[in-house]
Amino acid sequence: MELLWDWIVGPLRYAFMVRGLAAAIVVGIVCAVVGTYVVLRGMAFFGDALAHAMLPGLAIGYLVGGGAREPLFWWGLVTAVLASLGIGRLSQGRRFKEDTAIGIVFAGLFALGIALISTARSYSVDLAHFLFGDVLGVSNADLWRVALFGGGILLTVAAFYKEFLVLSFDPVLAETLRIPAQLFESLLLILIALCVVIALQTVGVALMVALLVTPAATASLLTKRLPVMMAIAALIAALSGMVGLYLSYHYSVASGAAIVLTCTAIFGLVWGAQSLQRAIR
Amino acid sequence: MTLPNKFWSSAYAGQHVAHQPGAPILQVAALDVAYDGHLAVEQLSFILQTGERVAVIGPNGAGKSTLLKAIAGVLTPVRGEISVYGAGPGGHICIAYVPQRSLVDWDFPVTVADVVMMGRTGKLGLLRRPRKCDWDYVQECLELVGMGVLARRQIGELSGGQQQRMFIARALAQEAELMLMDEPLTGLDVPAQESIFQVLETLRARQVTVMLSTHDLNQAAEQFDRVMLLNRRLLGFGPPETVFTRENLLAAYGGQLRLIPVNGTELALSDTCCEGHKH
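Residue numbers (the numbering used here), protein chains in the order written: chain A, 15 to 295; chain B, 35 to 313.
Treat each hint with caution, since some may be false.
Said to hold, decoys possible - Label-pair restraints from in silico Cβ distances:
#	chain 1	residue 1	chain 2	residue 2	range
1	B	T110	A	L249	41 to 47 Å
2	A	H264	B	R163	41 to 47 Å
3	A	A173	B	E177	44 to 50 Å
4	B	E191	A	L283	25 to 31 Å
5	B	G56	A	L249	56 to 62 Å
6	B	R163	A	E112	30 to 36 Å
7	B	F80	A	L249	51 to 57 Å
8	A	F110	B	R267	30 to 36 Å
9	A	G151	B	A121	55 to 61 Å
10	B	G125	A	D113	34 to 40 Å
11	B	A121	A	L283	24 to 30 Å
12	A	L96	B	Q77	40 to 46 Å
13	A	L283	B	R267	56 to 62 Å
Everything labelled a hint here was simulated from the structure, so no lab data went into it. We put the CB at the ideal spot given by N, CA and C, even for glycine.
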């Protein structure tokens, strides 16, 4: 018992650990709630593409700022919002299937980002941080930004809950009710972009999609009500953030990977238990 | 049923236009609508009166869905004019479009009441949550279609007929005066179809105008005031006995239709195209 207590409380002596935990929990909750729409609308590939497409923006910010971290958030923000609207536009084109168009553009942008960063001297460490996150490097200012933007995202989802619901379930109804569908569609893309930006430090570009998709998918196995699904997804994500970070601390595993693996493990447990239950019945 | 609180109802930029007194509920003139790059509907003109029940009949690809979506204001016509109570459909929220069941995601995590409440989104307006009176209204709409006890069911648990009646309840919640239904009877068994026709009687009593696409010519002939025979162009519109002539049916279906003589006149059995398809 005492051992467990020590396992939990021990790391909290370090301020970086407390900040990391706070960031992982907030980011997890926000991404899970928005991720519910991503899962229901089948936008997982879009989320993944968006995260990757952000890299060139980060790279330019990184090169222009001479490695300074502070401005990177804003570079990431601008790139992600532009990329989300751009990809949204792209997917309405007729010449290619949606996923082909997204694939071409996001791989190209991702390569551009890597190429740009590789021109800098100390690139391998910084590139690793972009790709896989650096949640223990979260500063107080980072934390405030995450909390502020995360809160904004949740408020927006709450405020336009019924509009997003109609748009996701039945776009034709949205139009016959004369809801400005295009506007809300863009707003949702922007919300996903913001999630990607605040999750950058937690899990990095490469693992981002797991935060959006895995907790929400797990929740969708457990409930058939949207608000409940959002709550369960948020709970799973917050728990995964905490557990993952502790595992990372105690066993020296990369933090982003540990968080994502915890999410995946919870999904596996729920899925396995349900399959077993069905097999028994 | 009373309309709760009109105050906020213009929250979506106040686009809901007033109904012109005396204007027909639907007037279509020289309408061309494109779908997937080619004209799916050409040179269509007709008028619908309030409270009518009209069946739209035609083979696959005849433009039935396209026409209904254009009237709903979801597709923009290439040429021609649609007016609902004297104004374009884009300004109305009194037009309901009931989708084909096969095009709906039945795993979506919502209950029957949630879906019916969606119909009230336009009336609620921006930033307002449904209140008790709105949920009561939803319950009344469900009871009108005989689904009061199913309000809390997940939509995936419904039978085909119940799914269809849920969407009609949603259209009622929307306070629709013109209901456009895309093949609501396709794939339903006879008792389920009966229950839909019962609901259509309720709608008639409430002066709701219904325009419904179907494959079943016999049903169209028996249950509807007027039928519209469509194959890109309007081939006939009027009482079934004047529209379903040998020439018209051959023009619409070509060889796809089996005609058998009954009592010296000709009666169509059914068209041979498969059911349940999107077109």
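Supplied distance hint 41 to 47 Å, evaluated on CB atoms of B/T110 and A/L249: 44 Å, holds
B/G125 paired with A/D113, Cβ distance criterion 34 to 40 Å: 36 Å, holds
Outcome of range test on Cβ distance (A/L96, B/Q77; 40 to 46 Å): The hint (40 to 46 Å, Cβ to Cβ) holds, given that A/L96 and B/Q77 are roughly 44 Å apart.
Status of the given 55 to 61 Å range, CB of B/A121 versus CB of A/G151: The hint (55 to 61 Å, Cβ to Cβ) holds, given that A/G151 and B/A121 are roughly 59 Å apart.
56 to 62 Å as the expected CB spacing between B/R267 and A/L283, which holds or is violated: At roughly 60 Å between Cβ atoms, B/R267 and A/L283 fall inside 56 to 62 Å, so the hint holds.
C-beta pair B/E191, A/L283: status relative to the range 25 to 31 Å that was hinted: 26 Å, holds
Range hint compliance [Cβ, B/A121 to A/L283, 24 to 30 Å]: With a Cβ separation near 57 Å, B/A121 and A/L283 fall outside 24 to 30 Å, so the hint is violated.
A/L249 and B/G56 - C-beta distance against the hinted 56 to 62 Å: With Cβ atoms ~58 Å apart, the hint holds.
Range agreement (Cβ of B/R163 with Cβ of A/H264, hint 41 to 47 Å): Holds, at about 44 Å.
Satisfaction of the hinted span 30 to 36 Å by the C-beta atoms belonging to B/R163 and A/E112: 34 Å, holds
C-beta pair B/F80, A/L249: status relative to the range 51 to 57 Å that was hinted: 55 Å, holds
Verdict for A/F110, B/R267 (Cβ pair) under range 30 to 36 Å: 34 Å, holds
Figure legend: structure checked against the earlier numbered hints; hints not met, in rising order: 3, 11.
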